[in-house]
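So you can see what is in the structure, the chains are spelled out below.
Number of protein chains: 2
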Amino acid sequence: MYKNLTIEEQKKLLSAEQERYSSYKAMNLSLDMSRGKPCKEQLDISMDMFDKITSTTDFKRKIDYRNYGIADGIPELKKLFGDLLGGISSDEIIVAYNASLNLMYDTIQRAMQFGVLGGTPWNNQGSLKWLCPVPGYDRHFAITELFGFEMIHIPMDDNGPDMDMIEELVKDPSVKGVWCVPKYSNPMGIIYSDEVVKRFANLKPAAKDFRIMWDNAYMVHALYGQDSMLDIYQEAKKANNEDIVYMFGSTSKISFAGAGVAFMAGSKANMDDQRKYMGKQTIGPDKVSQLMHSLYFTSVEDIYAHMEKHATILRPKFEEVLRIMDEELSETGIAKWNKPRGGYFISCFLEEGTAKRTVQLAKEAGVVFTGAGATYPCKNDPHDSNLRIAPTLPPMDELKTAMHIFCCCAKIAYLEKVTA
Amino acid sequence: MYKNLTIEEQKKLLSAEQERYSSYKAMNLSLDMSRGKPCKEQLDISMDMFDKITSTTDFKRKIDYRNYGIADGIPELKKLFGDLLGGISSDEIIVAYNASLNLMYDTIQRAMQFGVLGGTPWNNQGSLKWLCPVPGYDRHFAITELFGFEMIHIPMDDNGPDMDMIEELVKDPSVKGVWCVPKYSNPMGIIYSDEVVKRFANLKPAAKDFRIMWDNAYMVHALYGQDSMLDIYQEAKKANNEDIVYMFGSTSKISFAGAGVAFMAGSKANMDDQRKYMGKQTIGPDKVSQLMHSLYFTSVEDIYAHMEKHATILRPKFEEVLRIMDEELSETGIAKWNKPRGGYFISCFLEEGTAKRTVQLAKEAGVVFTGAGATYPCKNDPHDSNLRIAPTLPPMDELKTAMHIFCCCAKIAYLEKVTA
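Chains as they are written, first to last, in this note's numbering: chain A, 479 to 898; chain B, 479 to 898.
FYI, nobody ran anything at the bench for these hints, they're computed from the structure. A portion of the hints provided could be inaccurate.
It does not matter which identical chain is used: a pair holds within one copy or between any two.
Pairs of lysine to any residue, SDA-like flavour, derived with a Cα cap of 20 Å [stated by the list, open to error]: (1) LYS607 <-> PRO873; (2) LYS489 <-> GLU806; (3) LYS503 <-> ILE791; (4) LYS814 <-> GLU876; (5) LYS857 <-> ASN719; (6) LYS518 <-> PHE537; (7) LYS676 <-> LYS686; (8) LYS754 <-> SER808.
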């Protein structure tokens, strides 16, 4: 434990780590650990999909899929993703765009401009607030920042967000929503507990137009076989509260991050509310890409089998990152991290006030990590402590080097601070 | 000329047309002439495109196009469409979505929510107005209707919209924009004259955030070889007025209506303004579809050659529609119509107060035409006169039958009215 050492011992250690750091720097590296991107091998898994659509493909279904029509997604994918979500009907799902961020942004923009289910537009309701479990996903926070929400930090533990706090805060009618990545959460990798899911499903906010943005980005992205999670929508239905949640997902990390298919789901009332505006905004989604996906993934079992291939590639990467962190950091006492069973990230909490310095040092040694603070609204981690590690993209050898550099930089940042 | 006949003669004609109408009705038809959709043969033209992307395609360019990245479109398509627009730079163009309606809607929504180039959001500027050349495109009008604009009708003639009226109206700072389909306009099929384009390019509205929505949907959709049109953007640049116009286009009617690629273009300032919000809204467009298009269309010449194939299919359809209208209606004096050199429509003006009845009669005989009024804001044609004929979708034999029924119904509607 570094903190139990004398200053002299700490200075000695710092000097040793600085020497090691110099040798890393001399390698003139250029490694990117910043984003949750699939690696080349993962993208290669789905290449066969492209042979599903050729010059001889018959596109004629109820309509010709090459032509205009079907504003909210082809029935084949509505069925597939409806099944994946535990069996919801085609009225309760919209399939559109190549990634779900666009759906989430548009949903919030529509609430701002037109209101939710005929309610007053959020634009006309004065200063509004949004609940942000932290650490969380930077692109979520960027949307609610853009629309001017005051973002309230909700602490996370291994069961999910602090529900006592959320249940208290939603008594304020100016609180309009909450961001959730409920399974293998970004970045903590935890699965919301049954109790947390139930309490979300039973939430009765003062604002009738409060919505849970349930971004199930990693719903099938398991490393050790499909883990179960309670179905928020069925729980909400039991509580006659099914309008409370918008669910989102995509194949960005199932098929292609740059060319997937995405969906949103929820009560018929909620979906009809979206369709009303989508009907003016778009002439319909790309049905060729949708058909290609539906010919490749013909059932939920196909998706599960496919995700097993991803897991085979990703499991060693996650395990190697965790092994190096264990090896280098577990006895220092300067870091805590999660061991996820799925998803795209490992979340690491360093000693307060050392995250930015760690990222800076790594950058100067040629390794880009997600910016410190990125996992908090407005990129501002009040403790300057959390870092998000994205093990998926780099090849294994780069990943190893990058993680050793990470550990070295984290040590230097801590030792600089305590010896200053 | 029907109007020169005696009432008795008109009644006799009516009775003859009614008899003919009964025989059409007995055919139990179900024909759709309502939308500007490409026909099967047109969609077949581009089928080879699907062989450009297979399981062995190399997607690695500056980045791997299967992965995240490139928020505003791949450079290959920026170059292609930039060239098509007469040589504009990659800073001045955004390639996104599978159809341009989404880009137009989002652009207006951004102006509503965030303002234009840092100006006051349109949402916060009180009651606003929009200029709508009529007859025009129903989906344009539906967008400005949704956002609550008061829509002002601008008459069109063979040169384009009435520019005297527009120049006068833009002195009002609450007038924020104008819809234009400048080439083979929807539905009149006219090409804006050089003078009209110049006057648009030189427009100096009171509102600094006034924008021309220049929807060049049919820019290469010629029936008789590529007609030239003055380049509004170059004219606007000459006048130091390049922020005045947003340009839009897509391959919806070049490749696939349900799976094309779309773009918007304009000054770097205007495009950067869009990129600022797009960066929060989306993780990037579908780069697989974009790459497929760029491998298929490698130059502007490729596009022109491709459009010649469309013209070969469409020219006989347009000519047959016009021939039947000439044959059946030219001597009646009850209708006027345009003879377009491109685009997707023929616009027909019937005697005042007979358009709705004509569409109703046709519907009852099993032929759906675009609803009367659809070419006017809020679907309200003050003269109940204009109808949009879409010759592209139906096979030739259906087209012929539908047009004879159209003429028969137009005659009945007129004769009913004058003999009532």
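Hint numbers the structure violates, sorted upward?
-> 1, 3, 4, 5 and 8
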